[in-house]
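Student: Residue-level listing of the chains:
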Amino acid sequence: MKRIRPILVVAGALLIPSLALAEDGVTAGQFTANNVWMMLCAGLVFIMHLGFATLESGLTRAKNTTNILFKNTFIVAAGVLTYALMGFNLMYPGDFSIGSVFGFAGFGIATDAAGNTPAYADGGYTYWTDFLFQAMFAATCATIVSGAVAERIKLSAFMIFAVPFVMLVYPILGSWKWGGGWLDQMGFYDFAGSTLVHSVGGWGALVGAWMLGPRLGKYVKGRLNPIPGSNMPMAAIGVFLLWLGWFGFNGGSVLSADPAATSYTLVTTCLAASAGAIAAMFTSWFAFGKPDLSMALNGILAGLVGITAGADTVGIASSVLIGAIAGTIVVGSVIFFDRIKIDDPVGAVSVHLVCGVWGTLAVGIFSTNPDHSFVTQLIGVVAYGAAALAASLAIFGTLKVTMGIRVEEGEELEGLDLAEHGAHAYDLAGPTSILETVTGNSMTRSQPATALAEERA
Amino acid sequence: MKKIEAIIKPFKLDDVKQALGEIGIEGMTVSEVRGFGRQKGHSELYRGAEYVVEFHPKVKLELLVTDDQAEKVTRALCDAAGTGKIGDGKIFILPADDVIRIRTGERGEAALS
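Sequence lines, in order, name chains E and A.
Residue 427 in numbering that gives the first Met the number 0 sits at position 428 of the first sequence; the count goes up by one each step and never skips.
Residue 7 in numbering that gives the first Met the number 0 sits at position 8 of the second sequence; the count goes up by one each step and never skips.
Keep in mind the hints are simulated off the structure, nothing from the lab.
As the structure is a computational prediction, the values presented were derived from the model and not from experiment.
Treat the hints with care, as some may be off.
[What the hints assert, rightly or not] Calculated cross-link-like contacts (lysine-lysine; reagent style DSSO-like; alpha-carbon spacing at most 27 Å):
1. A/LYS39 x E/LYS217
2. A/LYS59 x A/LYS71
3. A/LYS84 x E/LYS289
4. A/LYS71 x A/LYS2
5. A/LYS39 x A/LYS1
6. E/LYS340 x E/LYS217
7. E/LYS289 x A/LYS39
8. E/LYS62 x E/LYS217
9. A/LYS71 x E/LYS220
10. E/LYS340 x E/LYS62
11. A/LYS71 x A/LYS16
Produce the entire structure from the sequences given, and follow the hints as far as they go.
Tutor: This is the structure we're talking about:
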């Protein structure tokens, strides 16, 4: 579906809500229906942040839960704000100023009266819905990184990485396809972001995990030591929330409430997720000898990421196959990265990067649209890979040599919740509930931290 | 007096409590502990990586009894807590100097009954 590029009035045009009737062949009712669907989808994509938060807390240790949740909270907030500041206008510049590679439509978000009419986007949604829906995607890309770097990254370093990543890297790269840039012109296709969102996030995750090094104790004594998560119900809830969010992620990428396109897309999406789950279940059962829940959950996500590039252009059987292959690949990928000692606590690199690439190439194999070709998809994968890899290396690398990106060994051992936040996520008053008295907890003291520091000195 | 500490399998606690009740022991303290002896660890699997959990969850019972109760209590404990399999646990018998009931200040046997 082609998009009309947004026309911005940076000098702060006034909003005049209006419903132009019967423009671009869309009735007022259809325009409303389209816009409502797109706003609902923006909300559903937002739910993916709930999913990431719970999934990541579930698969990491309780002593780092506050830290993980803080990072997740920061990303969605910073993502939405920076997208409003400049991300949206970097991703959809209207006119490119450097080849078809870079363009910027100015700071801030604003529109004229036409932005709220069917004239804006073929009657699919208003300018504001456009912004919000896309802002949720941007934040999703950045949050992929937080799982892979969990339990040992310095909070400040992560925050400083996340801002340019979501504000500059994601939208500039994204403009190459969704903003009408050179890859779009070449015929590259990424329906809802297997490449633009998931693989880009995945590259950031890979670089982060690699540059940080593994968690303490993970690869010692010549063994691959597991560091089990703390809460499997949370992990499962997280994955199901992500699946729910994908109804909006893919369903909304139709960019209207077109009954045929949206309903079909949701079906291919769910088929791929289901196939991914089953494939991962049996692959891990065969590989490990026992059925692994966390792998089954990763399989769902693998299928979802895999179908995201072509959910609207592949056949039913193809969607099942794409999901099943993704579910199989993800298990192998998790094992592979563990073998080469890249510690990825939640499997973010395997789910988002590896399956994102697969999903993109799968369009070249399975798409029913003759304009799509494997070679073009491959060019896109390589271009995005090179760019995202270079950008991530640059940002993380700079942070590593300047402020350092990893916490001290002692901090990692006592847990980031205590070290970075001074607060537990569980047993907030201290781990001694039966020793609580009416006035407080006999294991803690009500005393300013400064007094304690003086005592220690 | 003797202090009896028994490390038993957690699911045996009910049987042991009942058996002790039948021979007149009405009070005890219980804590959750971990330990191992000949019962080696069991292995678990997480995302393809195997690890051994060496310390098994156990329950520790602590009782104070008079010298002549000790043998009877020990036998009842063994019968109730035993399954015949490795990991049934152990009983430690230690001498105790005194026992005091906090509410009344009673000491010795009076504090036990």
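Student: Tell me the hint numbers this structure goes against, listed in increasing order.
Tutor: Those not satisfied are hints 5 and 9.
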